[in-house]
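Chemist: Residue strings, one per chain:
Protein chains: 2
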Amino acid sequence: MANWIRFSCADGAVGFGTLSEYGRRVMRYEGSPFDIDGTQPTGEEMGIEEVTLLAPCQPGKIVALWNNFYALSKKLDKAPPKHPLFLIKPARSVIGTHEAIRRPVSYDGKIAYEGELGIVIGRRCSSVSVEEAEAAIFGYTCVNDVTAGELLQEDPNFPQWCRAKGFDTFGCLGPTIATGFDWRAAHVITTLDGVERQNYPIDDMIFTPAEQVSLISHDMTLEPGDVIACGTSLGIGSIKDGAEVCVSIKGIGTLVNRLL
Amino acid sequence: MANWIRFSCADGAVGFGTLSEYGRRVMRYEGSPFDIDGTQPTGEEMGIEEVTLLAPCQPGKIVALWNNFYALSKKLDKAPPKHPLFLIKPARSVIGTHEAIRRPVSYDGKIAYEGELGIVIGRRCSSVSVEEAEAAIFGYTCVNDVTAGELLQEDPNFPQWCRAKGFDTFGCLGPTIATGFDWRAAHVITTLDGVERQNYPIDDMIFTPAEQVSLISHDMTLEPGDVIACGTSLGIGSIKDGAEVCVSIKGIGTLVNRLL
Numbered sequence: 001m002a003n004w005i006r007f008s009c010a011d012g013a014v015g016f017g018t019l020s021e022y023g024r025r026v027m028r029y030e031g032s033p034f035d036i037d038g039t040q041p042t043g044e045e046m047g048i049e050e051v052t053l054l055a056p057c058q059p060g061k062i063v064a065l066w067n068n069f070y071a072l073s074k075k076l077d078k079a080p081p082k083h084p085l086f087l088i089k090p091a092r093s094v095i096g097t098h099e100a101i102r103r104p105v106s107y108d109g110k111i112a113y114e115g116e117l118g119i120v121i122g123r124r125c126s127s128v129s130v131e132e133a134e135a136a137i138f139g140y141t142c143v144n145d146v147t148a149g150e151l152l153q154e155d156p157n158f159p160q161w162c163r164a165k166g167f168d169t170f171g172c173l174g175p176t177i178a179t180g181f182d183w184r185a186a187h188v189i190t191t192l193d194g195v196e197r198q199n200y201p202i203d204d205m206i207f208t209p210a211e212q213v214s215l216i217s218h219d220m221t222l223e224p225g226d227v228i229a230c231g232t233s234l235g236i237g238s239i240k241d242g243a244e245v246c247v248s249i250k251g252i253g254t255l256v257n258r259l260l
Numbered sequence: 001m002a003n004w005i006r007f008s009c010a011d012g013a014v015g016f017g018t019l020s021e022y023g024r025r026v027m028r029y030e031g032s033p034f035d036i037d038g039t040q041p042t043g044e045e046m047g048i049e050e051v052t053l054l055a056p057c058q059p060g061k062i063v064a065l066w067n068n069f070y071a072l073s074k075k076l077d078k079a080p081p082k083h084p085l086f087l088i089k090p091a092r093s094v095i096g097t098h099e100a101i102r103r104p105v106s107y108d109g110k111i112a113y114e115g116e117l118g119i120v121i122g123r124r125c126s127s128v129s130v131e132e133a134e135a136a137i138f139g140y141t142c143v144n145d146v147t148a149g150e151l152l153q154e155d156p157n158f159p160q161w162c163r164a165k166g167f168d169t170f171g172c173l174g175p176t177i178a179t180g181f182d183w184r185a186a187h188v189i190t191t192l193d194g195v196e197r198q199n200y201p202i203d204d205m206i207f208t209p210a211e212q213v214s215l216i217s218h219d220m221t222l223e224p225g226d227v228i229a230c231g232t233s234l235g236i237g238s239i240k241d242g243a244e245v246c247v248s249i250k251g252i253g254t255l256v257n258r259l260l
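Going down the list, the protein sequences come from chains A and B.
Oh and the first sequence: position 244 is 244 in full-length UniProt numbering, straight run, nothing missing.
Oh and the second sequence: position 121 is 121 in full-length UniProt numbering, straight run, nothing missing.
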């Protein structure tokens, strides 16, 4: 089990590393866990205060699920789906922890947080079995799947999932990618300005992470660094301008983003 | 006005060039029209038979519109939308002319062709005006927006646009990118095994290309090489396994893809 981060240094260099000493120290690596050549430890160690955390990966796409928790499915009175139901958030939606969620210039409606588990793909996979899918998962991160809620049903003929969720800065990822992580034992906890708003067990999930990767890999090739946002459960709500959302998963860390 | 192609040579080198002599000759360029450094003519000339055409750009995303032609909107009895209605097709969906559309291993239902005009973005743009949008368009290509039609409404609660249209090889682009192209004077003509199935005037479009780029750039940053598929009009239908679809736009060329 390791916690991978991606960071920039004071000199502008960008790199990958793992955390040690309860997150206080960074062990620096050469290369990227998402490149074919992988990573090599450099032996260099830094204090966490010497680096700026970035989104822990740079997905070409985020595949974001809807209706993937039994509790939410029951509350919405919608049957559990037979296949993961998803939309795509583009690469430019991604930000890391402590980066600002930016209100779109063209939208003054409600903006919602959705705390989620994120699966980070480690190997290219296409039409893989559940077992192969398990091996293709590099690790897990926290996701805030931000949504311009009032756009979703703005047009009566076409629910605008990609538009409502695709804005730049609406795909918050981080702070780390945890490898060897036991998602079955974890909860997603979301706070809004310090007040707990979501706290749900991940094992209430309809499609497990390996099932998601396997099934979605039959729909499209998943690439190293791609993220599947596993869907949210009960407790989503609006973020007032200026408010801070924290998504925490024990073993991964706390993803912090303010709406500006 | 020029017709840009992307190609590979017998030695495996990949490059950009423009066509001359009615498409018989290729003028080779260094660099890419989508890189900040742009292109330089090399002076090298080749016969078209010496190269293999590739998709003319490598979009990070295809933004694909639904209900963007008055004739189709009327036939569907749906009001023209107030904002472009779109989904995202991922990068791996892209293929070029004469590459095969592959039937997904997990799907034995109907697969539809949709002949469309594609806008190719030349400059990064975010929240730009219609005038700025016009200047951000590099050129135009043909699109076959392939769709696994029976997946769209498979789940009663969530129309699966990204899934039905996102499969690898379902985003056919090419054969060229035409710059300085007058879309108002052109038709999209689609043939299925040589029989004309679509022939519609592009100026029946609800949102013009510059309006699409401007409005969508308020939803997400558009990057050089990204493609907006402008939506289709009347005459879409199913492709039988083994059948060949040609999408032709005068001034751009004919995009040819067979379903295998």
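A couple of the hints might just be wrong.
Since the list gives no way to pick one copy over another, a pair counts as held whenever it fits inside one copy or between any two copies.
Computed list of lysine to aspartate or glutamate pairs in EDC-like fashion (alpha-carbon distance at most 20 Å, straight line) [claimed, not checked]:
id : residue 1 : residue 2
1  : LYS250    : ASP204
2  : LYS110    : GLU21
3  : LYS110    : GLU44
4  : LYS78     : ASP203
5  : LYS78     : ASP193
6  : LYS110    : GLU30
7  : LYS82     : GLU150
8  : LYS240    : ASP203
9  : LYS240    : ASP35
10 : LYS240    : GLU196
11 : LYS78     : ASP37
12 : LYS110    : GLU154
These are calculated hints, taken from the structure and not from any lab test.
Chemist: If a hint holds in the structure, say so; if it does not, say that too.
Modeler: Against the structure, the hints come out as follows:
1. When the C-alpha separation of LYS250 and ASP204 is checked against a cutoff of 20 Å, the pair qualifies only within one copy, where the shortest distance is 16 Å, while the shortest distance between copies is 55 Å.
2. Proximity of LYS110 and GLU21 under a CA criterion of 20 Å is satisfied in neither setting, with 40 Å inside one chain copy and 56 Å between copies.
3. Taking CA atoms no more than 20 Å apart as the test, LYS110 paired with GLU44 passes in neither setting, with 45 Å inside one copy and 56 Å between copies.
4. For the identical chains of this complex, LYS78 and ASP203 are intra-copy neighbours only, at 19 Å inside a copy versus 41 Å across copies, given an alpha-carbon limit of 20 Å.
5. Taking the shortest alpha-carbon separations for LYS78 and ASP193, neither the intra-copy value of 31 Å nor the inter-copy value of 42 Å comes in at or below 20 Å.
6. For the homomeric pair LYS110 and GLU30, neither the shortest alpha-carbon distance inside one copy (42 Å) nor that between copies (48 Å) is at most 20 Å.
7. Proximity of LYS82 to GLU150 under the C-alpha cut-off of 20 Å is restricted to the inter-copy arrangement: shortest distance 14 Å between copies versus 27 Å within a copy.
8. For the homomeric pair LYS240 and ASP203, neither the shortest alpha-carbon distance inside one copy (30 Å) nor that between copies (42 Å) is at most 20 Å.
9. For the identical chains of this complex, LYS240 and ASP35 are neighbours neither inside a copy (39 Å) nor across copies (39 Å), given an alpha-carbon limit of 20 Å.
10. Taking CA atoms no more than 20 Å apart as the test, LYS240 paired with GLU196 passes inside one copy only; the shortest distance there is 15 Å, against 54 Å between copies.
11. For a Cα distance limit of 20 Å, the shortest separation of LYS78 from ASP37 qualifies neither inside one copy, at 45 Å, nor across copies, at 52 Å.
12. Only within a single protomer do LYS110 and GLU154 lie at most 20 Å apart by alpha-carbon distance; the minimum there is 13 Å, versus 30 Å between protomers.
When held up to the earlier numbered hints, the structure conflicts with 2, 3, 5, 6, 8, 9 and 11 and fits the remainder.
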